[in-house]
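Colleague: All chains should be modelled from the sequences, with the hints used to inform the complete structure.
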Amino acid sequence: MDDGIALQYRDWAPRHPKGAVICVHGIRSHGAWYLGSCARLAERGYRVLFPDRRGSGLNRDAGTPGAERVARWVGDLVQFAARASVELRGKPVHLLGISWGGRIAAAAAAAGRVRVRSVVLSAPGIVALRDCSIGTKLSVATALLLNPRRDFSIPLQDPALFTDDPDERNYIEQDQFGVRRASARFLFESRKLERLGRRSLRTLRTPLLLLLAGRDRIVDNAKTQRLFEKCPAADKVLKVYPEARHTLDFDACRDEYFDDLAAWFDAHG
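Residue numbers (the working numbering): 1073 to 1341.
Some hints here could point you the wrong way.
[Unchecked claim] Listed next, the in silico DSS-like pairs over lysine-lysine satisfying Cα-Cα at most 27 Å (straight line):
hint : residue 1 : residue 2
1    : K1163     : K1209
2    : K1209     : K1308
3    : K1308     : K1264
4    : K1264     : K1295
5    : K1090     : K1209
6    : K1311     : K1090
7    : K1090     : K1308
8    : K1264     : K1209
9    : K1295     : K1308
10   : K1295     : K1311
11   : K1163     : K1295
Simulated from the structure, these hints should not be mistaken for lab results. These numbers were taken from a predicted model, which means no experiment stands behind them.
Modeller: Shown next as structure tokens:
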């Protein structure tokens, strides 16, 4: 990256890729949660690049204090997308923002900092239902002044928020590489990123596919759909998986979801 940090990432590279998909994961997760969709897209001919956020997954030791900034999160995505465009010699590059990562994908695309063919937002946390308690918010505000690195539990501890599948719930419960706690600085910047994500949807003109889980308890689907309706993109599609919980890779509808992703990218190649 431009700050000299070498970030780790997963790379699915078919022999003759017809485009690239750059993925951004959620606040609680990391790239290993989404191996199914990545493998399916690679089978369909797409190179898939999935960097883990600094402080999470493969990059859990790269979470320096300076990394907990909106500009750094967006900047890392922009650099990965730009690199993919160069390596693929102008073939289409798409962004896939999942959950909290949808904020970053929307912000990067709307700002025009990277040329992408389309954006997919999968159960994006642009309008969140889950939030810290009032007491925690007051503690975060105090910590920002006195100790910005003090960490707090994020309000996404229950695996049942993500999936109904008992095996996947067990995976989440046992996962040692995701994020369960975040610093006061991170939580403050995350709130800024949420507001930026909302503003970005109101200005985004890149082709947009919005995929929502009908039984989501993390994302406010109604408010997200209203933002989608205001999005000025001429080419935009909304689909809801009625029985899905949140993480579509973990849901019974996963094969339908994988096919929907591939079909969208094929149509925007």
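Colleague: Sort out which numbered hints this structure fails and list those numbers smallest first.
Modeller: 1, 2, 5, 11
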